[in-house]
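Chains as they are written, first to last, in the numbering used here: chain A, 1 to 200; chain B, 1001 to 1200; chain C, 2001 to 2200; chain D, 3001 to 3200.
Don't read these hints as lab results, they were simulated from the structure.
In this text, a Cβ means the ideal position worked out from N, Cα and C, and glycines have one as well.
Some clues are possibly wrong.
[To be verified] Only some residues are given here: those of chain B computed to face chain C with a beta carbon under 8 angstroms: (1) 1070; (2) 1073; (3) 1097; (4) 1130.
Number of protein chains: 4
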Amino acid sequence: MYPRARYSSLPLLQSRFDVSILPIVPAIDNIPADVRTRATNIRLVAFDVDGTLTDGRLWMTEDGREIKAFHVHDGLGIKRLRERGVEIALISARISRAVELRAEQLGIDHVYQGKQDKLGCLEDILRASGIPPEQACYVGDDLPDLPCMRICGLAVAVANARPEVAAVAHWQTSAEGGRGAAREVCDFICAALALQQVPT
Amino acid sequence: MYPRARYSSLPLLQSRFDVSILPIVPAIDNIPADVRTRATNIRLVAFDVDGTLTDGRLWMTEDGREIKAFHVHDGLGIKRLRERGVEIALISARISRAVELRAEQLGIDHVYQGKQDKLGCLEDILRASGIPPEQACYVGDDLPDLPCMRICGLAVAVANARPEVAAVAHWQTSAEGGRGAAREVCDFICAALALQQVPT
Amino acid sequence: MYPRARYSSLPLLQSRFDVSILPIVPAIDNIPADVRTRATNIRLVAFDVDGTLTDGRLWMTEDGREIKAFHVHDGLGIKRLRERGVEIALISARISRAVELRAEQLGIDHVYQGKQDKLGCLEDILRASGIPPEQACYVGDDLPDLPCMRICGLAVAVANARPEVAAVAHWQTSAEGGRGAAREVCDFICAALALQQVPT
Amino acid sequence: MYPRARYSSLPLLQSRFDVSILPIVPAIDNIPADVRTRATNIRLVAFDVDGTLTDGRLWMTEDGREIKAFHVHDGLGIKRLRERGVEIALISARISRAVELRAEQLGIDHVYQGKQDKLGCLEDILRASGIPPEQACYVGDDLPDLPCMRICGLAVAVANARPEVAAVAHWQTSAEGGRGAAREVCDFICAALALQQVPT
Chain A
1 MYPRARYSSL PLLQSRFDVS ILPIVPAIDN IPADVRTRAT NIRLVAFDVD GTLTDGRLWM
61 TEDGREIKAF HVHDGLGIKR LRERGVEIAL ISARISRAVE LRAEQLGIDH VYQGKQDKLG
121 CLEDILRASG IPPEQACYVG DDLPDLPCMR ICGLAVAVAN ARPEVAAVAH WQTSAEGGRG
181 AAREVCDFIC AALALQQVPT
Chain B
1001 MYPRARYSSL PLLQSRFDVS ILPIVPAIDN IPADVRTRAT NIRLVAFDVD GTLTDGRLWM
1061 TEDGREIKAF HVHDGLGIKR LRERGVEIAL ISARISRAVE LRAEQLGIDH VYQGKQDKLG
1121 CLEDILRASG IPPEQACYVG DDLPDLPCMR ICGLAVAVAN ARPEVAAVAH WQTSAEGGRG
1181 AAREVCDFIC AALALQQVPT
Chain C
2001 MYPRARYSSL PLLQSRFDVS ILPIVPAIDN IPADVRTRAT NIRLVAFDVD GTLTDGRLWM
2061 TEDGREIKAF HVHDGLGIKR LRERGVEIAL ISARISRAVE LRAEQLGIDH VYQGKQDKLG
2121 CLEDILRASG IPPEQACYVG DDLPDLPCMR ICGLAVAVAN ARPEVAAVAH WQTSAEGGRG
2181 AAREVCDFIC AALALQQVPT
Chain D
3001 MYPRARYSSL PLLQSRFDVS ILPIVPAIDN IPADVRTRAT NIRLVAFDVD GTLTDGRLWM
3061 TEDGREIKAF HVHDGLGIKR LRERGVEIAL ISARISRAVE LRAEQLGIDH VYQGKQDKLG
3121 CLEDILRASG IPPEQACYVG DDLPDLPCMR ICGLAVAVAN ARPEVAAVAH WQTSAEGGRG
3181 AAREVCDFIC AALALQQVPT
């Protein structure tokens, strides 16, 4: 049922219950070789929140609360990437309890909000985890994400990223933030890691 | 007023009050013959929730509540299908009171949430209802839906389904989840059942 | 600044404060002559709610409340049409306090919810108002709207209407429900009424 | 990494922490020369709210509260423009506490709601600030915005503006209201101001 040429080298495990080992079918062939190489080294993925895990909209209620729209596809991608041992971080300049709750649902360990200095925050995480920047991926959409993107081994801009951000990214997703962009990144890295582990 | 060629064999009842017997005009001619045959046997339709009855977005409020967006067109389709004797089930991996409430509005009997093992859940429903898998339709959008789709007589992927899911489906809707995909499935099965009942 | 050819016969009043007399620029030339003739007689416009004044989505919260998304453009269109003496009615099969509140904001007199028999409801309104069906316009999107559309002088389907509804409409808007469809109807009828009043 | 030809004359400062001085890359070359000239004089930008800072949708809850969706990209654009000394005003015909809260987040000084006479309101702001109308920019989407747009040095219509509004605007954004339109205006004016300050 799956395209054979592409997956013949992948272990095609089938389990009734464990979704985490279902095969992934991203269009990895369309991704430039150097970007794929960068992806094979990734041990941590840090996501911006607004515009990256959401479409950038802030629903504001009359009593001063914010509502954010996350996507269920992104959630599954993040979970599966975590299960393969990749660490996940969220770094946001804003502060919202909704982010905390979503992070809890997905079991994300590194959640930092209210960070004007995103780069300093990322550097702290990397230092504590003992992961060099070349093995980190940063996914963002706007100017405050640029400093982090400049130091990471794999800098990804979402489809709706500002032009300045798309310009410095190694790769840009075809899906928009909050509409599957994070899933695309996670599936791509999962596939790159899997390909790397298979002897050719 | 309706295209004649296509509906000449359908009883064109007109009632002021009973919407359930209004004719349905899906583009059934465009659907492959084997998919139509599969549809004529359906006695139960099971829907995934997030991404299938919604567009996959999870609006999260600061006080930790989730908001989901269902579609009124889907609701009418489900109601009409139920009125023709087809059983409806909702199977979700997540848990949300919003799903319960929407199911109550539509009079859906089988509502299962928090099910990591969707296949086991579907098998339980089928066993209790005495319906064989070949007479069941499953509508989904993401990896956790694959096991259910593999056993059902009619496996449908919504327009926004992940590529792995679209690849195993017998049919893919043109409408997206939460934007009429369920209506498309219901109207199609209604039309298939009606065509079957009409002597040619 | 406005296209001259089209508006040379319209009184181009300019007021600092009274928005209601600002000129309207709908693409009235693109509308078939018989539809324009129907519009010149309209004294009441009845709108369906879900899918017509909204895009059909029902946001449901965990505590069982519904949220609907109306559009500010539609609101201004309805207000302006009322100011020209046209009566406005909302007829919904569902019940939601959000509809009541939106109707209050716009000063709509006829608000009927929980109406399974929309046609009976519309006939009551017309009888009470002394307006014959030929001078009424009905705007809808789904099967329950068909009976009302069949008796009205001007039956309008929104862009996202089900195909059965589009098939019986005299005219279909280019804007979707909840995204300017009602504004398009109101502007069109305003323009038709204005053209009628101007001696040529 | 940035297109050189276009930015060679701009000071390309790089700071780890201060996002406000990151370079801006709007497609300023595509904007007509007279519009650019108008932008170089701007000292105040006044925004309509519904349809301009939002996409015009009013989410209404059952307990009568309104929810509006602002965009994080617009927020950063407004902040950066303020940091360059340009004053920001919000003028809305409606009243919502959500607007107040969003304005507080962005540090906007002039926030006026419930203003049926938007022109009078704008004139008051300009008089108090000692800014002539030629040095003001107004961004809007619907008929009530027309009077303000007619007196301002730079009148901008968002992509989703009503045709009457687009017709009187000096410039129309390519992004829609609540989806980056305000960011586009802010970035454009920032770039115009920066170009002006650089000796050629």
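(request) Identify whether the interface hint at residue 1097(B) stands, where standing means a beta carbon of chain C within less than 8 angstroms of its own. (result) Hint holds; residue 1097(B) Cβ to chain C Cβ min 4 angstroms, cut 8 angstroms.
(message) Quick check on the hint: residue 1073(B) CB to chain C CB, less than 8 angstroms?
(response) 6 angstroms, holds
(message) Less than 8 angstroms between beta-carbons is the criterion; does residue 1130(B) satisfy it with respect to chain C?
(response) 32 angstroms, violated
(request) Closer than 8 angstroms between Cβ atoms is the bar; does residue 1070(B) clear it against chain C? Give me holds or violated. (result) Status holds, d = 5 angstroms.
In terms of the numbered hints stated before, the structure departs from hint 4 and from no other.
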